[in-house]
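In full-length UniProt numbering, the protein residues as written are 1 to 361.
Bear in mind the hints are in silico, worked out from the structure with no lab data behind them.
Given the structure is predicted, the values throughout are model-derived calculations rather than measurements.
Be careful, since some hints might not be right.
[To be verified] Quick list of simulated restraints, FRET-style, between CB atoms:
#1 LEU276 x MET51: 53 to 63 Å
#2 ALA290 x PRO334: 46 to 56 Å
#3 LYS179 x VAL60: 21 to 31 Å
[What the hints assert, rightly or not] Below 25 Å or equal to it, Euclidean Cα-Cα: the simulated BS3-like pairs (lysine-lysine) are:
#4 LYS190 x LYS209
#5 LYS33 x LYS200
#6 LYS33 x LYS326
#7 LYS168 x LYS75
#8 LYS126 x LYS179
#9 LYS235 x LYS220
#10 LYS33 x LYS126
#11 LYS179 x LYS209
#12 LYS220 x LYS126
#13 LYS190 x LYS220
#14 LYS126 x LYS235
#15 LYS33 x LYS357
#16 LYS326 x LYS235
Using N, Cα and C, we set each Cβ at its ideal position, and we do this for glycine too.
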Amino acid sequence: MKQRLKKWRLFSIFAILTLVLSGCGEPFLSALKPAGEVAQNQYNLMMLSTMIMVFVIAVVVIIYVITLIRFRRKKGEEDKIPKQVEGSHKLEIIWTVIPILLLLILAVPTVASTFHLGDTSAMDKKDKDGNRKVLVVDVRANLYWWEFSYPDLGIITSQELVVPTDQKVYFNIISSDIKHSFWIPPIGGKLDANNDNVNKFWLEFNSEKSEEAGNLFYGKCAELCGPSHGLMDFKVRTMSQDDFAQWVDDMQNASEPQPATDLAEQGQEIFADSCLSCHATSPTDQTPEAGRVGPNLATFGERTTIAGYLEHDEEHLKAWIRDTQKYKPGNKMPSFDENQLSDQELDALAAYLMGLKIQQQ
């Protein structure tokens, strides 16, 4: 009896935890709170398939319970054999037709959605001047960071994707090394990033849902890619189409960032000697892909995180530079100990990096 009570207590605890955790989804991260057409489509398909599965389970359980009760062994009827229905054409037709109907109910919208969501033909359409009519973003996945290039706008960013709301944004997904997977849970996805072919798809960001999420969504790598897979995050900033046009203008006309203090000026010199071979500081830098070893740092001072997940302040930045493997094992950025970078030089470099913001000409 005590063992049974313990089991029921354990079951009750798990049931309560399930109920509590069901309300933990945040609008900027939860796939169960769709914020775009693609995510809504996928959510509807999930709900449809779940309802079909629940219906099938319920029917099977009901039949099972009825059978247990109706055909249970009764006192005085131990030798009674119920009527046998083996070979019943009626029953065979029923349990053949019903699964076919359920499969059709699920297959028709699934196939229709697959073709609709996979239609990227608009990427190839151009106006009379040869310009694309839609916004295209090239996504390049790396160990363990993300690069976002706007080929028609001449803009490159890293770790933070900026998109307009209420319009389709088309993506070319590729990897520089091993397989990754591009996923923004509330918006839709996921799509593999391979190093031998380009995958294409589109997403749409709903303006009302974006405002509810604070115009900021979290992106993830959804493919196990190494020891820092769980830390391969990026942020998505959404804005109105007018604000996005202004952002594009600001990025295209940004001037070379100038250090605001003597310490930052010293840091600029250190950056040029130690970091410039891997990192660019201009959002319009056109270095070939093979030469873009590290993230573009043009807007580093405006970001919300360091290395994708650390708090954005000088202390965490300096800790990251000192020991990158401690915070993201397996990443390709070298660490700089005291023999390579003194504390004073580290302070200067951090001051310079935190001041990297878009400056207008």
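Practice task
Check the following: the C-beta atoms of ALA290 and PRO334 are separated by a distance inside 46 to 56 Å.
Solution key: Violated, at about 19 Å.
Handout entry: VAL60 and LYS179 - C-beta distance against the hinted 21 to 31 Å
Key = Because 39 Å falls outside the window, the suggested range is violated.
Exercise for the section: Compare the distance between the alpha carbons of LYS168 and LYS75 with 25 Å, and conclude whether the hinted pair is satisfied. Expected result: violated (70 Å)
Exercise for the section: Measure nothing beyond the straight line between the CA atoms of LYS190 and LYS220; if it is 25 Å or shorter, mark the hint as holding. Expected result: Distance of about 9 Å is within 25 Å: holds.
Problem - 25 Å limit on alpha-carbon distance, applied to hinted pair LYS326 and LYS235 - result: Since the Cα atoms of LYS326 and LYS235 sit roughly 22 Å apart, the hinted pair holds (cutoff 25 Å).
Practice task
Would you check the hint for LYS126 and LYS235, treating anything up to 25 Å between C-alpha atoms as holding?
Solution key: Given pair LYS126, LYS235 is violated - Cα atoms ~30 Å apart, limit 25 Å.
Problem - Restraint status (C-alpha distance of LYS220 to LYS126 at most 25 Å) - result: Roughly 32 Å separates the two Cα atoms, so the pair is violated.
Handout entry: Supplied distance hint 53 to 63 Å, evaluated on CB atoms of LEU276 and MET51
Key = About 57 Å separates the Cβ atoms of LEU276 and MET51, which means 53 to 63 Å holds.
Exercise for the section: Below or equal to 25 Å on CA atoms is what counts here, so check LYS33 against LYS126. Expected result: violated (34 Å)
Problem - Pair hint outcome, LYS235 versus LYS220 [Cα-Cα no greater than 25 Å] - result: Holds. LYS235 to LYS220 sits at ~9 Å (cutoff 25 Å).
Problem - 25 Å limit on alpha-carbon distance, applied to hinted pair LYS179 and LYS209 - result: Measuring from Cα to Cα gives roughly 31 Å; hence the hint is violated.
Exercise for the section: For the pair supplied as a hint, LYS33 and LYS200, confirm whether the alpha-carbon distance does not exceed 25 Å. Expected result: holds (24 Å)
In summary, the structure is inconsistent with hints 2, 3, 6, 7, 8, 10, 11, 12, 14 and 15 from the numbered list given earlier, while agreeing with the others.
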